[in-house]
Amino acid sequence: MNGHVTDLLALAAAGALDQAEAARIEAHLRECAACAAEAGEWRHLTEGLRRLPAPKPSRALVARTVEAVESRLAERAERAWNRAALGFVVAFAWTLAVVAWVVLDLLAGGLRQMTLVGRQQVVKRRRLFPQCVQRALRLIHRAAAANTKDLSGDGQFLTAGDGVIPEVLTPHAGALQSGDASPVVEKRRTPRAGQDQFGRGQPQRLRRAGVPAQRCARKRVAALLRVP
Amino acid sequence: VDPDRDDAARLRRGDTAGLAGLMGRHQDRLFRYLRRLVGDEAVAEDTFQQTWVQVAERIGRYDGARPFGPWLFAVARNLALDHLRRRRPESLDDVDEPAAPGGGESDPLARAVALQQSGRLADVVAGLAPLDREVLSLRFEEDLALPQLAQTLGVPIPTAKARLYRALARLRERVLAAGPAEEWR
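Line by line, the protein sequences are chains A and B.
Numbered as in my numbering, the first sequence ends at 232 without a single skipped number.
Numbered as in my numbering, the second sequence ends at 1430 without a single skipped number.
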């Protein structure tokens, strides 16, 4: 079969050749009766394939298919809704947890802080208040003692009304204000260098600043009496 | 305007009217293709239904810029081949034993009558291997040109050409075993 194109005849009948191959086959078939006969057989066969009875889907099958697809689409939509709802719930829960954590932390921290500060203040007051009172009373007694000895008309401090002595100490201060001796004046004496009128040493920083010793004592009393 | 593209977009939005449009245009050729490929009516119906369900589920993956038909046939083909592999784990390219000539050699008249019956060729085609049936159906029933045929099969054009030739050669062999080619027109 040298020169024959039998291998291409089937594809030629199927219309699956390119232009060059188709032209080659056509030229050969004009000269070769054997190949032309075989090509005819192939054409018969392929024409038969094109006329095969075409099965079609039944209406029942189409209806079942549409029903199945709609059911599946409904399931998918429901799943999508469930996923969205679940996602919303999870996101909401997370948000709520975070917000609650922050709020509780703030509250707990504030309470803790308040409790701590309050406790510290109580401790400080318990520690300081008796000292304040004791020292104030000591100062007042000393001023009272001085008042019995030496009075002056230009009273400067340790009076009941000048704010240095709080109201809680007013009775004690009032006791100092005897008769016409108002205001109470401490025994006037010239403080020594570096000492106040109570004989206490003046803080170095105030001494350097040139603050008189009397004012130092006044400040000290005020500091002692100041409620923290 | 490509109606397939519009209907695919509607189906993507969950509108079953899009499905109705797509099915109306493709259901006959799809079922014919599946019927040839799987060979069995019931299996073809089952695969047909599964194909459209998968189309509805995976319509989001469909590229609207491409024609819908090849994508639909690719979905159907995967489902059908999966079924065939489960049913017949050996190669889908295997060929069943050729059927005995109708009527037998001892009865030429009966044989000639049998050969001329319409649908006889369909029986012979049904005896081919699934992949042979598939390529013949795509070429001669769906009238796909070689490039589209290769695209649907997922193979290069020369491979599709070779498959087509092999299927035709096997078909002719069986036909000749049953009777003269002229009787198969």
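No lab work stands behind these hints: they were computed from the structure.
Possibly wrong hints are sitting among the right ones.
[Claimed, not checked] Pairwise CB distance ranges, derived in the manner of DEER restraints: (1) A26/A with L1421/B: 43 to 53 angstroms; (2) P1401/B with Q23/A: 12 to 22 angstroms; (3) A95/A with R1250/B: 13 to 23 angstroms; (4) L90/A with E1302/B: 13 to 23 angstroms; (5) A26/A with A1287/B: 38 to 48 angstroms; (6) G1309/B with A97/A: 33 to 43 angstroms; (7) A41/A with A1287/B: 40 to 50 angstroms; (8) A41/A with R1306/B: 23 to 33 angstroms; (9) D1388/B with A97/A: 57 to 67 angstroms; (10) A40/A with D1273/B: 33 to 43 angstroms; (11) A1287/B with A95/A: 45 to 55 angstroms; (12) T1404/B with F96/A: 50 to 60 angstroms; (13) D1247/B with L108/A: 54 to 64 angstroms.
We treat Cβ as the ideally placed atom computed from N, Cα and C, and that holds for glycine.
Next item on the list: Hint says 50 to 60 angstroms; check whether the CB-CB distance for T1404/B and F96/A agrees.
Entry: holds, 56 angstroms
Margin query: Against the range 38 to 48 angstroms, how does the distance between the Cβ atoms of A26/A and A1287/B compare: consistent or not?
Written below: holds, 41 angstroms
Next item on the list: With respect to the beta-carbon atoms only, verify the hint that A41/A and R1306/B lie 23 to 33 angstroms apart.
Entry: violated, 50 angstroms
Check: Between D1388/B and A97/A, does the C-beta distance stay in 57 to 67 angstroms?
Finding: Given about 59 angstroms between the Cβ atoms, the range holds.
Check: So does A40/A sit 33 to 43 angstroms from D1273/B, Cβ to Cβ?
Finding: holds, 36 angstroms
Notebook entry, point to check: Has the hinted range 45 to 55 angstroms been met by the Cβ atoms of A1287/B and A95/A?
Noted result: holds, 48 angstroms
Item checked: Assessment of proposed distance window 43 to 53 angstroms (beta carbons of A26/A, L1421/B) -> violated, 25 angstroms
Notebook entry, point to check: Using the C-beta atoms of P1401/B and Q23/A, is the stated range 12 to 22 angstroms upheld?
Noted result: Holds: the Cβ-Cβ distance is about 19 angstroms, inside 12 to 22 angstroms.
Checklist line | G1309/B paired with A97/A, Cβ distance criterion 33 to 43 angstroms | finding: holds, 39 angstroms
Notebook entry, point to check: Lying within 13 to 23 angstroms: is that true of the beta-carbon distance L90/A to E1302/B?
Noted result: Since L90/A and E1302/B have Cβ atoms about 20 angstroms apart, the given range 13 to 23 angstroms holds.
Check: Could one say that the CB atoms of D1247/B and L108/A fall in the range 54 to 64 angstroms?
Finding: Once the Cβ atoms are compared, 60 angstroms apart, the range 54 to 64 angstroms for L108/A and D1247/B holds.
Next item on the list: Go ahead and decide if the range 13 to 23 angstroms is satisfied by the Cβ distance of A95/A to R1250/B.
Entry: The hinted range 13 to 23 angstroms is violated for A95/A and R1250/B, with Cβ atoms some 36 angstroms apart.
In this structure, the hints that do not hold are numbers 1, 3 and 8, in rising order.
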